[in-house]
Amino acid sequence: MQASVMNIENIRNDFPILKRKVHKDKPLVYFDNAATTQKPIQVIDSISNYYLNYNSNIHRAVHELAEESTAAYELTRDKVAKFINIKHREELIFVRGTTEAINLVAYSWGRQNVQKDDIVVTTEYEHHSNIVPWQLLTKEKGAKLEYIGVDDNGELILDQLDTYLDTGKVKLVTFSQMSNVLGTISKTEEIIKKCHQKGARVLVDGAQSVPHLKVDIQKLDCDFFAFSAHKMLGPTGVGVLWAKKELLENMIPFNTGGDMIREVHKYETTWNDLPYKFEAGTPNIADVIGFSAALDYLDKIGMDKVREHEVELTKYALDKISAVKGIILYGPPDVTKRGGVISFNLGDIHPHDLATIIDEDGIAIRSGHHCAQVLMERLDVSATSRASFYIYNTKEEVDVFIRSLNRARELFRL
Amino acid sequence: MSSADIYREIILDYYRNPRNYGKIENPDISQKDSNPLCGDELEMHINLRNNQVSDVKFTGKGCAISQASASMLTELIMGKDFDFVKKLTKEDILENLGLHELGPARIKCALLSLKVLKYGIYSYVSEKLKDTVSADKIKEEASGLF
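Heads up: the sequence lines are chains A and B, in that order.
If you're matching positions, the first sequence starts at 182 in the numbering used here and goes up one per residue.
If you're matching positions, the second sequence starts at 146 in the numbering used here and goes up one per residue.
Hints are computed from structural coordinates only; laboratory data are not their basis.
A portion of the hints provided could be inaccurate.
Calculated lysine-lysine pairs in the BS3-like style (CA-CA distance at most 27 Å, straight line) [to be verified]: (1) K350(A) to K375(A); (2) K202(B) to K284(B); (3) K253(B) to K205(A); (4) K506(A) to K206(B); (5) K202(A) to K253(B).
Produce the complete structure using the sequences and hints provided.
Below, the structure is given as C-alpha cells:
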C-alpha cells in the first residue's frame with residue numbers, strides 16, 4: 182500500500198471492522214482515533230476467551246477459574262508497569278478511564294491537600310475532564326483555579342506557569358501531555374521540573390500521549406499519571422491511574438465496599454493494601470484482560486515505529502490539507518511538536534455540516550468542541566473538525582479525505 | 146437524505162443571510178437554549194400584540210441546518226396568531242425546511258429552533274398568562290422533541 186516503517190497491510194488485516202463498508206459501498210476511513218481507536222482481533226478474542234473459558238470473579242475464590250482470571254487480570258498490571266516503565270506495580274490502579282482517574286485524584290488527594298487560597302493550575306487546552314473536577318474542588322475549598330494560556334502556535338505559554346509558581350501557593354499543576362484538539366505535545370519534563378522545584382505536585386493526563394508516544398514515567402518523574410485503554414486498541418471501560426506510593430498510601434479511598442478493605446467491623450474499617458484500596462467492587466475484569474492483548478500488540482510493533490508512522494502520515498496530511506482553499510488549521514505547524522491530530526475549519530462550513538458531508542464518502546471524523554470548550558473560546562470558534570490517525574491509517578485514506586473536503590467546498594459553493 | 150438534498154441553495158442562503166437575525170428590547174418572550182452535544186446556540190425574542198406575533202428575532206451560532214431552521218421558523222410565525230404558533234409540530238418544521246429524512250444526529254439541529262420556541266411559549270403562558278394547564282402541555286411537547 183505504501184512505503185512505510187510498518188507493514189500497514191498486515192496491521193489492517195488484524196482489524197475486522199476496517200473491512201466493513203459504510204453508506205452501502207464506501208470503504209470505511211476511520212479518522213476519529215483521538216476519540217477511540219478500533220480493536221484488533223487479538224483484543225476481541227482475548228475478551229471472548231475470558232467469557233468462554235474462565236469467567237469468574239477475581240481475588241476471592243479459591244477455585245481454578247478464579248485463579249486463572251486473577252492471574253490474567255494481574256498480568257495486565259505487570260504489562261502496564263512495563264509499558265510505561267514504572268517500578269512498583271502496586272502503584273497502578275485500574276479505573277474506568279482517564280476521567281475517573283482524574284476525579285479520583287481530585288477527590289482523594291485534592292480534598293486532603295488543597296486548602297483555602299491554594300492554587301491549582303491547569304491549561305487552556307485541557308479536556309473537560311481535567312477542568313471540571315478542579316473547578317469543583319477549588320470552589321469547595323475556597324482555592325483558586327488558574328490557567329496556563331495557549332499561544333498562536335498552539336503551545337503552552339510557560340512564563341505564565343512561572344508566575345503562578347512564584348506565588349508559592351500552587352499545590353498542583355495538571356495538564357495533558359498531548360492536546361486532544363491541537364495535537365500539541367507539552368514540554369512535559371520541563372514543566373514537571375519547574376513544578377517540583379517550587380514544591381508543586383504534578384498530574385499528567387496521558388490519554389492522548391500514551392497511545393502514540395513512548396512514555397517513561399520514571400524519566401518524567403511526575404506525581405500522578407492517567408490514561409485510557411480504549412484510545413490505544415484496548416476495550417472501553419478501562420483506564421489506569423498511576424501515582425507515587427507515598428501519595429497513594431496517605432490518600433483516602435475514592436469508592437468503598439468490597440475488595441478494598443482489610444477488616445470491616447460495625448463502626449470501623451481498615452483499608453486493603455495498594456492497589457486494592459482503590460479498586461472497590463468487582464472491576465472490569467474482561468476488559469482489563471483485553472487491554473493486555475492491546476499492550477502486546479503495540480509492544481510488538483514498538484512505540485517508536487507507531488510514532489514514526491504517525492509523523493509521516495501527519496506530515497503528508499498537513500501538506501495536502503494546506504492546499505485546500507479556505508482551510509484554517511489549528512495547532513503547531515511543526516510535526517515534531519504534535520501528534521497525529523489535525524483540527525481545522527473549512528470556509529464558513531460548520532464542522533457538523535462538514536462531518537455529515539464527508540461521512541457520505543465513508544470518512545469518520547469528529548466535529549464539535551471536543552470536550553474542550555475553554556480552548557474553543559481561546560481559539561474564538563464554536564467548533565472545529567478533527568481528523569486523527571492511528572497505526573492502520575494510510576496515505577491513500579488521506580487522499581480520499583482531501584477529495585471529500587473538496588466535494589464539501591463544491592456543495593457549499595465555496 | 147444525501148448532502149446534496151440537505152444543503153440546497155435555499156438552506157445555504159438562509160444560513161449565510163439569515164432573515165430576522167437580531168434582538169428585540171424587552172421582548173414578551175425571550176428564550177435561549179443550546180444543544181450540548183454540538184454546542185449549537187439559539188436565542189429567540191418574540192413580541193405579541195392582539196394575540197398575534199408582531200415581531201420575532203433570533204441570534205445564534207451553529208450549523209447550516211440549525212441556523213436556517215431558526216431563520217425560516219421566524220418567517221413562518223411572523224404575523225401569525227399565537228394559537229397557530231402554539232400548535233406547531235416537529236412535522237411542520239421539517240416540512241417548512243424541506244428536510245424529511247434527517248438522521249437521528251442531525252434532526253436535533255433542525256428541531257432546536259422549535260424547542261427554543263416551545264420553551265419560550267411555556268414560560269410566557271405559565272408566568273404571564275398563569276395558565277399552568279396549557280403551559281405543562283407545551284413543556285411536555287418541548288421536552289419530547291429530542
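### Message
With the threshold set at 27 Å, check whether the alpha-carbon distance from K202(B) to K284(B) stays at or below it.
### Response
holds, 21 Å
### Query
Within 27 Å, alpha carbon to alpha carbon, are K202(A) and K253(B)?
holds, 26 Å
### Given hint K375(A) paired with K350(A) - CA-CA distance at most 27 Å
holds, 14 Å
### Query
CA of K253(B) to CA of K205(A), is that 27 Å or under?
The given pair, whose Cα atoms are some 24 Å apart, holds under the 27 Å limit.
### Task
Would you check the hint for K506(A) and K206(B), treating anything up to 27 Å between C-alpha atoms as holding?
holds, 23 Å
When the structure is compared with the earlier hints, no violation turns up for any of them.
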